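Q: Residue-level listing of the chains:
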Amino acid sequence: MSNPLQISQQNMNGLWSIRANASHDLNSVSKGLFNQGIQFGEMLANDKLRLIQLWPDAAYLFSEQAELPPITNEFENMITDISHGFCTIKLTGENALTFVNNYCSADLAQSDITNQCLRTSLGHYQILIWWNNSDEVQLLVDRSYAHSLTDYLGALAHRN
Amino acid sequence: MQIRRLKTGGCIDRSKPIYFSFNNRLLDGYEGDTLASALLANNVSLVARSIKYHRPRGIISAGLEEPCALVACADEHGMMIPNLKTTEARLNKGLTARSQNCWPFVELDIGALLQMGSALLAVGFYYKTFMWPKDWWHRVYEKFIRRAAGQGRVTYDADKRLYDKKYAHCDTLVIGSGPTGIEAALSAAESGVSVILIEQDCVIGGSVLWEKTSTDSLTTIKLKQYKNLRFMVNTLAFGQYDHGLILAVEQNKKNVESIFWRIRAKSIVFATGATEQPLVFPGNDRPGIMLAAAVRQYIYRYAVIPGKRAFLAIADQQERELTEKALQVAGVEIVGSLGEGDQITGTSGWHRLRKVHLLNKKSISCDLICVSNGWISNAQLSAQMGDKQTFATSLEQRPNPQQHTGSAKAFVDLQNDVTRDDLALAVREGYSHIELAKRYTTVGMGTDQGKTSWPNAIVELERLSAQDSSRVGLTTFRPPVSPVSFGALVGVETGQRMVPIRRTPFHNAFEKAGCVFQTTGDWLYSRYFRVGKESMNDAILREVSAVRTSVGCVDMSTLGKVDVKGRDALEFLSRVYCNNIDGIKPGRLRYVLMLREDGILYDDGTVAQLADNHFLVTLTSANAGQSWRWLNKLLQLPWPDLDVQLTPVSDHWASLAIAGPQSRNLLADLNPNFEIDKTSFPFASVKQGLLDDDTPCRVFTVSFSGELSYEINVPAGFADQLFKRVLDKGAAYDISPYGLETLDALRIEKGHISVGTEIDGRTTAADLGLGKMVSTRKAFIGSSLLQRPVLQQPDRMQLVGLIPADGSSTIPAAAHLTDAPWQVGKTQTPLGRLTATVHSPTLGHSIALALLERGPQRINQKLWAVSPVEDKSVEVLVVGNCFYDVEGSRLHE
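Protein chains in written order, with the numbering used here: chain Y, 9 to 168; chain D, 3 to 895.
These are calculated hints, taken from the structure and not from any lab test.
Note that the structure is a prediction, hence the values are computed from the model and not measured.
The beta-carbon is built from N, C-alpha and C at its ideal position, and this holds for glycine as well.
You may find that some hints are simply not true.
Simulated restraints on C-beta separations [what the hints assert, rightly or not]:
#1 Y:PHE48 with D:HIS79: 24 to 34 Å
#2 D:TRP641 with Y:GLU75: 26 to 36 Å
#3 D:HIS841 with Y:SER129: 36 to 46 Å
Given the sequences, and given the hints that come with them, work out the whole structure.
A: The structure is reproduced here in structure tokens:
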């Protein structure tokens, strides 16, 4: 294989959970960061930030920096730092997305996942997946499961 | 030497000979052969012995319906895999196979002597025998039966092969690649939908393989031209489940032994064909009696002639004509055919067929009988989802029903040795419904799952019980359609990968510190820390002593943690927990109890107020997941109007508790940027800040051990750093890390409750001595049903402590409490039961917590802790449930 599958684990730099409250919905936060609203199942990204909404009233904000990006004070009550609670596992290589698709209960290839992000299960692990192209896929998993999931993915890769 | 191989023809590659071993004989075949076709080509007719009577058995079919020719084959690691059908095992280089259920050889099997006692071995004999003398069952009969029973022998070696499990999705799934299946797949692919076509054979084609000399190569080309069509051979669909889920196993893969597929399809086409049925007549089990379509398949597909002199016993005329033509093409002499009114009364031959005997006393010399009693559709997959099958015409109307007109056994189920006489006995004993007869006689319960026996069994039961098939019934089809190995079902999830394992942020550092781990629920948790070569008990003694006299540290990261924010956060928590918490202030925390809706205690934890409208809730490790889901459900369903935001932060925070008289001094040495003296930082408080100016932290003054204690929470990435500093600074106080064993001993000494022991789904807060914590001035979950009379009765089981009456005996674990010692045969009503017991390192003797009827009223009473399992009774004294520092003064030092 010209570009074999590689699996690497990374701790998060900045990750926050944003929850809608009675005063503000997620669109307000999204407009503050990206100048546009966000919908359920959608992912917005620029070179510094990524916002993924995969719950009706919650979204995750990813950042390369450990500090919260500048945001008006009125949103602070909606935001909780969870950056130490998760790890990302990055899979790169030819057909990384196909590899992950083989082991997910969801069908990553189906046409209505246009936003290239999904919350699903891989084996018995609950994960959040996002990808920009088929050769690089990122999985977000609870920190306590990261070691176990990395080992599991390695065993699966060994079978392919 | 392949004396039965035709010189030309077949879908085999004669340029690739393959050598294999069968019962230590070196034989040869070709690529494309199955083990069955290769054995037949080498004129091997005797393959195995039957399960009960050890009768000689050969190959009767060419597919997965094969009931007789089961062998054990060695895999690439030398492990013998039992019960493989020769008709399914592909021939490969170095294959080693041997017969089963025979000793010492298949040609000379001592077990065949059982036939002499066959009258005593009628169906159901084991329900009526082996009863006397009674104790011989364990000493003699069971050992013999276990040795004699079953087909192949399972190996106890670990399976070194790799297995995989994958998902697939499609719009249309077509199962079966015969002409119907292929047409369906091509038609679906042409319409643009995504299609998967699966075929359990190694090549596509289905029945085309035995009706023509080769598959249509154009078909494969046509299938490959559609990018939206994927076809998979060697893939058996074995189960159908809800919502279009098909389970299948694909074999003969490059890197793995098999792939277990979970295929989700929007629509499914079952093109699974049909299975030919044998005839039932006396002596119908001899090697050389084969299904007619199988004979054609061996001739056309494998270029093998199963015999030289063939007799035909085929019900359907078209089937007979096709078979005659195939035999003629192969140069096989047809010595006779069963005509109208003819019946077979028996057969002769031992290791292979020699003669067939007919009703008119005629005997014909032959070595092959081609039998066919029609075809039954392979509808098992759709039947698994409840589709009912019925017979379109009465079975009596089918051509040439065979009656028993001979003395030899007429087998209805060739694999399980079930005869006509067995079914007759079952009917006489009242088991005339197929489901009863099946279980009584085991007809259709072998590895072939009755594919060649259940229809004939229904015919026989109809005739014997004089009922029609609607009264006899049909068997129930359950997955798998054909046997699937456990390895395939398990896939990669073996050993440490069987379930996901969670590790705390301190895991690596603990491992280096000599921690011995154990699994606790999902977690790999610290059990104790071994110093040098000490035993576990010595380690526990050392750890407990450290906590009680100086300082210890323990990982509390597994506790569930929920960040609760919002204008209505306090109102929400007040409804969830039964305590009064409305007076809580920022910087303080409360120990809280969560009840179920029926008033029973469900979980305990803490609520800490971090700021206005901002709280941190802790949940027990055991209930963290369930409680999290429960809290979310409350906000979604009954209380969507509350302005509350919940965020799970269990993994975000690493929590290390330092406990013991020196814990405040140790905390001071960690250089927090906030005051920690007793006044500034009393029990049940929380402070946030930095340690050593670089480590963000939250510190809680809570205690599970009963000693002065601080739970230091840091973001998980700082865990290693925190642990190192705690050990470095703690060295001055002889700090000892400790694990779950010590944690448990400490909490039992203090009488603190735990989920799974005292909180067991049956106890209320009052039962556990916490009744005063339940508010009487607000509504909360469980408040109404807590008032039920049954939960307020004074004689309920309540928490007490126990110590041995003699001060030294060991109270048996999980004992019951009675008013007299245990006596075998004597009925005693238990008054209570133990929930926890330990040898207390602090007190120097055994102690226990127990739930006892009217517990507090029995203080100073003597009872007996009895264990029928250990056959032990110990006299105990009932005491309060706190054995150490009853006033709680050590918390406030």
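Q: If a hint holds in the structure, say so; if it doesn't, say that too.
A: Results for each hint:
no., hint, in the structure
1, Y:PHE48 with D:HIS79: 24 to 34 Å, "violated (50 Å)"
2, D:TRP641 with Y:GLU75: 26 to 36 Å, "holds (34 Å)"
3, D:HIS841 with Y:SER129: 36 to 46 Å, "holds (44 Å)"
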